[in-house]
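If you want the building blocks of each chain, they are given just below.
2 protein chains.
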Amino acid sequence: MPVTSADVARAAGVSRTTVSYVLNDTPGTNISTATRDHVLATAADLGYAPSAAARALRRGQSDLVVCVLPDWPTGPVVDTVLDLLTDNLARRGLFLLVHHHRSTRPLRELWKAVTPRVVVGLTHFPTEDLRALRQAGIEVVGAGSVDDGGHPGIDAGNQRGLGELQVEHLGAHGYRHLAIATTPDDRLREFAELRTDGVRRACAQAGLPEPQLAVVDPGVPAAEVVRRWSRDGVDAVACYNDEVALAVLAGARAAGVEVPGRLAVVGLDDVPAAALADPPLTTIAQPSAAQAQHLAASVEAVLDGKPLPPGPTEPSRVVVRAST
Amino acid sequence: MPVTSADVARAAGVSRTTVSYVLNDTPGTNISTATRDHVLATAADLGYAPSAAARALRRGQSDLVVCVLPDWPTGPVVDTVLDLLTDNLARRGLFLLVHHHRSTRPLRELWKAVTPRVVVGLTHFPTEDLRALRQAGIEVVGAGSVDDGGHPGIDAGNQRGLGELQVEHLGAHGYRHLAIATTPDDRLREFAELRTDGVRRACAQAGLPEPQLAVVDPGVPAAEVVRRWSRDGVDAVACYNDEVALAVLAGARAAGVEVPGRLAVVGLDDVPAAALADPPLTTIAQPSAAQAQHLAASVEAVLDGKPLPPGPTEPSRVVVRAST
DNA sequence: CTGAAAGCGCTTACAG
DNA sequence: CTGAAAGCGCTTACAG
Numbered sequence: 044m045p046v047t048s049a050d051v052a053r054a055a056g057v058s059r060t061t062v063s064y065v066l067n068d069t070p071g072t073n074i075s076t077a078t079r080d081h082v083l084a085t086a087a088d089l090g091y092a093p094s095a096a097a098r099a100l101r102r103g104q105s106d107l108v109v110c111v112l113p114d115w116p117t118g119p120v121v122d123t124v125l126d127l128l129t130d131n132l133a134r135r136g137l138f139l140l141v142h143h144h145r146s147t148r149p150l151r152e153l154w155k156a157v158t159p160r161v162v163v164g165l166t167h168f169p170t171e172d173l174r175a176l177r178q179a180g181i182e183v184v185g186a187g188s189v190d191d192g193g194h195p196g197i198d199a200g201n202q203r204g205l206g207e208l209q210v211e212h213l214g215a216h217g218y219r220h221l222a223i224a225t226t227p228d229d230r231l232r233e234f235a236e237l238r239t240d241g242v243r244r245a246c247a248q249a250g251l252p253e254p255q256l257a258v259v260d261p262g263v264p265a266a267e268v269v270r271r272w273s274r275d276g277v278d279a280v281a282c283y284n285d286e287v288a289l290a291v292l293a294g295a296r297a298a299g300v301e302v303p304g305r306l307a308v309v310g311l312d313d314v315p316a317a318a319l320a321d322p323p324l325t326t327i328a329q330p331s332a333a334q335a336q337h338l339a340a341s342v343e344a345v346l347d348g349k350p351l352p353p354g355p356t357e358p359s360r361v362v363v364r365a366s367t
Numbered sequence: 044m045p046v047t048s049a050d051v052a053r054a055a056g057v058s059r060t061t062v063s064y065v066l067n068d069t070p071g072t073n074i075s076t077a078t079r080d081h082v083l084a085t086a087a088d089l090g091y092a093p094s095a096a097a098r099a100l101r102r103g104q105s106d107l108v109v110c111v112l113p114d115w116p117t118g119p120v121v122d123t124v125l126d127l128l129t130d131n132l133a134r135r136g137l138f139l140l141v142h143h144h145r146s147t148r149p150l151r152e153l154w155k156a157v158t159p160r161v162v163v164g165l166t167h168f169p170t171e172d173l174r175a176l177r178q179a180g181i182e183v184v185g186a187g188s189v190d191d192g193g194h195p196g197i198d199a200g201n202q203r204g205l206g207e208l209q210v211e212h213l214g215a216h217g218y219r220h221l222a223i224a225t226t227p228d229d230r231l232r233e234f235a236e237l238r239t240d241g242v243r244r245a246c247a248q249a250g251l252p253e254p255q256l257a258v259v260d261p262g263v264p265a266a267e268v269v270r271r272w273s274r275d276g277v278d279a280v281a282c283y284n285d286e287v288a289l290a291v292l293a294g295a296r297a298a299g300v301e302v303p304g305r306l307a308v309v310g311l312d313d314v315p316a317a318a319l320a321d322p323p324l325t326t327i328a329q330p331s332a333a334q335a336q337h338l339a340a341s342v343e344a345v346l347d348g349k350p351l352p353p354g355p356t357e358p359s360r361v362v363v364r365a366s367t
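In order, the protein sequences belong to chains Y and E.
So for the first sequence, our numbering puts the first residue at 44; every next one is plus one.
So for the second sequence, our numbering puts the first residue at 44; every next one is plus one.
Not the full set, but computed from the structure, chain Y residues with beta-carbon under 10 Å of chain E: (1) ARG98; (2) ASP106; (3) THR129; (4) ALA133; (5) PHE138; (6) VAL141; (7) ARG145; (8) ALA175; (9) LEU176; (10) ILE181; (11) PRO315.
With a straight-line Cα cutoff of 20 Å, these simulated SDA-like cross-link-like pairs (lysine to any residue) come out: (12) LYS155(Y) x GLY90(E); (13) LYS349(E) x ARG134(E); (14) LYS155(Y) x PRO70(E); (15) LYS155(E) x ALA87(Y); (16) LYS155(E) x ARG134(Y); (17) LYS349(Y) x ARG135(Y); (18) LYS155(E) x ASP130(Y); (19) LYS349(E) x GLY180(E); (20) LYS155(Y) x VAL46(E); (21) LYS155(Y) x ALA97(E); (22) LYS155(E) x ALA179(E); (23) LYS349(Y) x GLN104(Y); (24) LYS155(Y) x ALA49(E); (25) LYS155(Y) x GLN178(Y); (26) LYS155(Y) x ARG145(Y); (27) LYS155(Y) x LYS155(E); (28) LYS155(E) x ASN131(Y); (29) LYS155(Y) x THR85(E); (30) LYS155(E) x ALA52(Y); (31) LYS155(E) x HIS143(E); (32) LYS155(E) x THR69(Y); (33) LYS155(Y) x PRO169(Y); (34) LYS155(Y) x ASP130(E); (35) LYS155(Y) x ASP88(E); (36) LYS155(Y) x ARG98(E); (37) LYS155(E) x ARG102(Y).
Just so you know, the hints here were simulated from the structure itself, not pulled from any lab data.
Glycine is no exception: its CB is placed at the ideal position from the N, C-alpha and C atoms.
Given these sequences and hints, build the entire structure.
Encoded structure:
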């Protein structure tokens, strides 16, 4: 049987009011040090833990912010976001709780189990859920809704632009026959298609031949594909992300294809391993710090009832290394 | 003003009981389809979202499990654990919520904001917090307490063993003059010291000379250190983790030191990039799947009031590649 | 400085 | 099949 504040009050010989005042350091009260210490000691002695539910019900709101993570593998950007959010929210007495969303479980169920003050979505929410949340006084930040584009959360609008940036860089360096190395991970399909689309579009616009598409498992050296590209006269490959690019690099090594001499490789993400690859990997760095800042600022704005800050303007950029 | 179930009842012209029965699909009730649909429609129409706090208070427990993550960068093992836990718990109607713990914020505060059914700790909890949680009917799983060793969570007991394993492998391959490449990340210090200690101990036991210690920034090629090792006659290096090892590998490349000919390198973690490095990195793989399974099984056991399952027996193992 | 009491929104015996 | 009512544990005016 859990210990309640009434138990503490009884054991300490004071009222529940006093217990509450002491335990919450309620300002404007004036409890004698002796009483105070006695209550504290009694609570510790009984192993009292307050009921978060009762507290939240009484106060009409919780001190929780829930961040919903999409059902796909997240990268370094998300880690940056979570750390920053956790710190910023802690400063206002709020706790960030992260939920790894599974498509098998409707989010509606989640809100029956926890009512946060704000929901931060890095993924797309069904419009009706969005409406229900807002109506229930729960603010929603960062979750793409159909109204504002319909695409998954963070910087998702610019997925095509990332592919375009890769092509722009390769084209400027004189590469003409591009290939695309995409990921086999089905959960990333939406992103992969947008990036691929960006590459294709940019090629068409630059008058380059239509790039061929290959699926590259990020776990193993992609020697076979590299050989095929080599045969087909492909001179550069735009990769879905750095993991895929590292597999291409390893494949080129295994196949004896020189990088960038016979095949240029550009990645995406600028993970730490990219700078350490052989050769060091040219890649695209997204402004993750700026994105994290913006999301954190949005949450703050919502909490303060202020208008949302303008989106981050810092663009993604090419980090030029030796692989192109 | 949030919509309550009373609002829905009033708008639908039924009692709160009926609303509750319909919304919760309470078994053993028999509501006409017409009433049912009407209530559902009304609730959707008003944008009703139930109060998780009231529900939890009434039922005496929540459907939440909170996992507390330590204040240091987590690797692939933790991701495996979280995914598995999320899935397993979903099957019993529970939600996993992850909190990234900051040492600036006592956990005690967290339990005021959320009362989970079970707490899964991948980090060390203060003993008195542990006691308070248990007394409050909240089970705690996986958090090292002073009683059982006092060290951070998952497999932490075996950090020394990991270092020993590295030495065992290097020694078996005839390497004699070892160095240790450790991480500059202060949050990992506790782990780093244990692993270093394991390496030292194993060297002493094997009659190898005391290894020298260098700090290697995992972001940049460690050419300077490699040159020094080369001068000092070091023939093998045990790295804190794969990221550090990749920096050593890149440094060796930059310094023109052949791997493994003049310097053998062994990492730790077996991240995907390890297999793709040049040369492919020999490393230590921890049984993360088994560890995840065990933690998940422990949570299940606790939920069912059964005794904890025995620890995972699968050992960490050396993944031999070309760098040693 | 402390106590008695109301009420947050929900679920669930219980009575009809 | 539906309604009136109690009570989960807390905080906070309010009265003393």
